[in-house]
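Enquirer: Here are the chains, one letter per residue:
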Amino acid sequence: MASAFLTLLKRDLMLALRRSSDWLNPLIFFIIVVSLFPLGVGPDGDLLREIAPGVLWVAALLATLLGLDGLFKADFDDGTLEQLLLSPHPLSVLVLAKIASHWLCSGLPLLLLSPLLAVFMQLPSSALPALLASLMLGTLSLCLIGAIGAALTVSLRKGGVLLALLVLPLYIPVLIFGSGTVVAAAAGFEIEAQLSILGAIFLLSLSLAPLATAAALRVSAE
Amino acid sequence: MAGACAHGNSPVSQALLEATDVAVFRGDHCLFSQLDLSLGSGQVLQVSGDNGSGKTTLLRGLCLFVPLEEGAVRWRGVTLPAKRDRYYSELTYLGHHEGLKGDLSVVENLRASASLSGSDAATLPAAVERVGLVNQADLPCRSLSAGQRRRVSLARLLISNTPLWILDEPLTSLDLHGKKLVEGLITEHVGNGGLVVYTTHQPLSLSGCDVQMLQMSDW
Amino acid sequence: MFRWFHRLASLRNFYRLAEILMPWLAVLCAGLLAVGLYRGLFVAPADYEQGESYRIIYVHVPSAWMSMFIYMVIAFCSALFLVWKMKIADIVAEVSAPIGAAFTFLALLTGSLWGKPMWGTWWEWDARLTSELILLFIYFGYMALRSAIDNPSTAARAVAILALVGVVNIPIIHYSVEWWNTLHQPASITKIGKPSIHISMLIPLLLMALGFTLFYVVNMLARARNVILQREAKTSWVRERVSEGRL
Numbered sequence: 001m002a003s004a005f006l007t008l009l010k011r012d013l014m015l016a017l018r019r020s021s022d023w024l025n026p027l028i029f030f031i032i033v034v035s036l037f038p039l040g041v042g043p044d045g046d047l048l049r050e051i052a053p054g055v056l057w058v059a060a061l062l063a064t065l066l067g068l069d070g071l072f073k074a075d076f077d078d079g080t081l082e083q084l085l086l087s088p089h090p091l092s093v094l095v096l097a098k099i100a101s102h103w104l105c106s107g108l109p110l111l112l113l114s115p116l117l118a119v120f121m122q123l124p125s126s127a128l129p130a131l132l133a134s135l136m137l138g139t140l141s142l143c144l145i146g147a148i149g150a151a152l153t154v155s156l157r158k159g160g161v162l163l164a165l166l167v168l169p170l171y172i173p174v175l176i177f178g179s180g181t182v183v184a185a186a187a188g189f190e191i192e193a194q195l196s197i198l199g200a201i202f203l204l205s206l207s208l209a210p211l212a213t214a215a216a217l218r219v220s221a222e
Numbered sequence: 223m224a225g226a227c228a229h230g231n232s233p234v235s236q237a238l239l240e241a242t243d244v245a246v247f248r249g250d251h252c253l254f255s256q257l258d259l260s261l262g263s264g265q266v267l268q269v270s271g272d273n274g275s276g277k278t279t280l281l282r283g284l285c286l287f288v289p290l291e292e293g294a295v296r297w298r299g300v301t302l303p304a305k306r307d308r309y310y311s312e313l314t315y316l317g318h319h320e321g322l323k324g325d326l327s328v329v330e331n332l333r334a335s336a337s338l339s340g341s342d343a344a345t346l347p348a349a350v351e352r353v354g355l356v357n358q359a360d361l362p363c364r365s366l367s368a369g370q371r372r373r374v375s376l377a378r379l380l381i382s383n384t385p386l387w388i389l390d391e392p393l394t395s396l397d398l399h400g401k402k403l404v405e406g407l408i409t410e411h412v413g414n415g416g417l418v419v420y421t422t423h424q425p426l427s428l429s430g431c432d433v434q435m436l437q438m439s440d441w
Numbered sequence: 442m443f444r445w446f447h448r449l450a451s452l453r454n455f456y457r458l459a460e461i462l463m464p465w466l467a468v469l470c471a472g473l474l475a476v477g478l479y480r481g482l483f484v485a486p487a488d489y490e491q492g493e494s495y496r497i498i499y500v501h502v503p504s505a506w507m508s509m510f511i512y513m514v515i516a517f518c519s520a521l522f523l524v525w526k527m528k529i530a531d532i533v534a535e536v537s538a539p540i541g542a543a544f545t546f547l548a549l550l551t552g553s554l555w556g557k558p559m560w561g562t563w564w565e566w567d568a569r570l571t572s573e574l575i576l577l578f579i580y581f582g583y584m585a586l587r588s589a590i591d592n593p594s595t596a597a598r599a600v601a602i603l604a605l606v607g608v609v610n611i612p613i614i615h616y617s618v619e620w621w622n623t624l625h626q627p628a629s630i631t632k633i634g635k636p637s638i639h640i641s642m643l644i645p646l647l648l649m650a651l652g653f654t655l656f657y658v659v660n661m662l663a664r665a666r667n668v669i670l671q672r673e674a675k676t677s678w679v680r681e682r683v684s685e686g687r688l
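Residue numbers (this note's numbering), protein chains in the order written: chain W, 1 to 222; chain U, 223 to 441; chain C, 442 to 688.
Among the hints, a few may not be true.
In silico DSSO-like cross-links for lysine-lysine, where the CA-CA straight-line distance does not exceed 30 Å [unchecked claim]:
hint : chain 1 : residue 1 : chain 2 : residue 2
1    : U       : Lys305    : C       : Lys526
2    : W       : Lys10     : W       : Lys158
3    : W       : Lys158    : C       : Lys528
To be clear, the hints were calculated from the coordinates, so they are not data collected in a lab.
This one's a predicted model, so the numbers in the text were calculated from it and none came from an experiment.
Using the sequences plus the hints, can you model the full thing?
Expert: Structure, rendered in structure tokens:
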């Protein structure tokens, strides 16, 4: 089971390396969306500083969503999804491997890029650790929750918009506590409570989302 | 033609794969109902029928992809989907799609699917040689022809080494040598006590095999 | 118990039962709504703070309750459907979703109408209104997914999973929106339905809530009967009824 998990993780990472546009494009999208805000609301530093947590978080959320569409799509199209379903290993474990590799190719680079965009948005550097910590826990949850939607829509030709419709309402708690963490940190408050809640959301999604995703994949494969 | 050799060297054994009273619907339309089949060790089942008669749906039903509206499928006497993982560890399915990643090489693809199906890749080099892809082993599957891709998926059958094979149109895009290869693989597998269910439009010549015929229009 | 369950689960029996129940429930519903509205709009005293405008709660609060209640019904039916493959559970979930979405919309609309005299704005990011808005999105997602999948039995299982995922999320969404609201807003703003309520105001509210519930049940049964006829169009009992002209 562990070897199947690792094989799948390795396979997906290798594929991502050989086809870099899949994970690069959402990152570029992230940068562009954040850059749009100063252009839209004006370059006033105080205003930007105030909206920075929300903007960074909304952009990160949309960038995550953008990449999710392809999470199972390629496997569905070329028939490897059928092989996953026919594996004697628990499907939820295999699903978790796919989500993990997806996060490594989308969430992690986004995390590494966020300090740069925090500078764009004039976020005080004291809030940077909070931004990184909240994005770390938050994007993991977003990938896990989003995988359910990706699995439900994988067989649909125009699943992308529907995926957003299904998943975005479920993302709201993560958004609220994610940006709440950064807001609190920027104002100089403790962020332990918010991070604990984000951690709780992550653990809950980690335990339930793979099961729901596996069930959804079996339905979509019909 | 294929049914003529029903009393070959295959042992008469109890049924491993059984389906009773199976019905499958596509929307409101009933594709087939009250279908029964029973297959034991060393037996082959050829499913034939016109386009849209439900051949693929039946095979996908046997793989538990499609839920059965009525009836039951049993493997080793256990009604599925109970013990689904044991069933899956003894089943290899070849569908319309080869299940290959274009960006990975032949060997990489086969290694990944071997690990997913829970088998070790020890027989991988021999399998690649058997399907005649030694020279292409390290090429990305994207650069292979359709027939060669089919051959890669045939190699999966050898590597996974499971008793039950379910093959949906295994001859698609294969040439004459390819057809001989498929016939050889099936004959050999059945000779070792395996079970094969397949659909086809071209008759296969499986000499010495216990072949049952299932005509979809009869159900 | 289980046998009773299965008898009810037969679409034909459900159709029959709905046929018998509907007229009675419809009359009861009309009576409750009439009495509730009369007592709410004319008998109950005006609120000392909000004057007459508070009376919109007699529509707003039951709508908001119904929007949650119907989602719970959908989730419960989805679980029944996934575990026991009860077709009637899927049908009830399917026909409930648009009714639930309509109640959610009504709760938002009346909340917004109430907001104008209360807060001086048509939309206030009040915790309850925000939660209702998100619930509406969830209803939209549920209905959109069902209509996007061609095969009805696949669609039924897919939306059932979605409904269960939603029901785990709704309390989390609710509490996170509450937390967000208290963080961003001064506590002085009165929230809908929060202050304690006098008994003469409460009774019409409960009558209205009961009336709304029955309205939902009658509406749901009527829609479910239509869907049953559609799905069973080829069966002999439906043909018989059609030929006899009693549907």
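Enquirer: Honestly, which of those hints from before does the structure not fit?
Expert: none
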